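J.: Sequence:
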Amino acid sequence: MARTPLTCKRGLAYRRVVADIYRALDDGTRRLILDSLAARDGQSLFEICTTLVMRHDVSLTRQAVSQHLAVLEEAGLVRSERRGRCKFHHFDPAPLAEITARWPVQERKHP
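In my numbering, the protein residues as written are 1 to 111.
These aren't lab readings, by the way, just hints derived from the structure by calculation.
Wrong hints could be hidden among the right ones.
What the hints assert, rightly or not - The calculated EDC-like cross-link candidates involving lysine to aspartate or glutamate, where the alpha carbons are at most 16 angstroms apart (straight line), are:
#, residue 1, residue 2
1, 87, 73
2, 87, 47
3, 87, 41
What the hints assert, rightly or not - Distance windows between CB atoms, simulated:
#, residue 1, residue 2, range
4, 108, 62, 44 to 50 angstroms
5, 53, 104, 22 to 28 angstroms
6, 90, 29, 16 to 22 angstroms
7, 63, 41, 41 to 47 angstroms
8, 28, 99, 16 to 22 angstroms
9, 41, 85, 43 to 49 angstroms
10, 88, 108, 23 to 29 angstroms
11, 87, 38, 53 to 59 angstroms
12, 108, 29, 32 to 38 angstroms
Note that this is a predicted model, so its numbers are computed, not measured.
Note that beta-carbon positions come from the ideal geometry of N, C-alpha and C, so glycine has one too.
Construct the entire structure; sequences and hints are all you get.
T.: Laid out in structure tokens, this is it:
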């Protein structure tokens, strides 16, 4: 009976995570949210909604922004922490680093 190497399972998990990351980054609003968190980490839902309206003229309900944050969190790009009644969101670039580590950019010599 042949055993399946563990690397296969890791490869399947990697593909799922990468697909989640690309799906999360496929939406312009989610990219704006990540830009906002990259500029100033640890924002509440209210602060993120305010930034979207004031800086980007994107008017969404709090529920819609919360759903976008859930997709980003599922992909591992955003972490959240509760402090009292507030939930603060933090950008986590580690999943992006894993993708770029797979395809390192080498300096190319132009003729």
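J.: Now tell me, hint by hint, if it's right for this structure.
T.: Hints versus structure:
no. : hint                         : in the structure
1   : 87 - 73                      : 13 angstroms, holds
2   : 87 - 47                      : 11 angstroms, holds
3   : 87 - 41                      : 12 angstroms, holds
4   : 108 - 62: 44 to 50 angstroms : 46 angstroms, holds
5   : 53 - 104: 22 to 28 angstroms : 39 angstroms, violated
6   : 90 - 29: 16 to 22 angstroms  : 18 angstroms, holds
7   : 63 - 41: 41 to 47 angstroms  : 23 angstroms, violated
8   : 28 - 99: 16 to 22 angstroms  : 19 angstroms, holds
9   : 41 - 85: 43 to 49 angstroms  : 20 angstroms, violated
10  : 88 - 108: 23 to 29 angstroms : 42 angstroms, violated
11  : 87 - 38: 53 to 59 angstroms  : 18 angstroms, violated
12  : 108 - 29: 32 to 38 angstroms : 34 angstroms, holds
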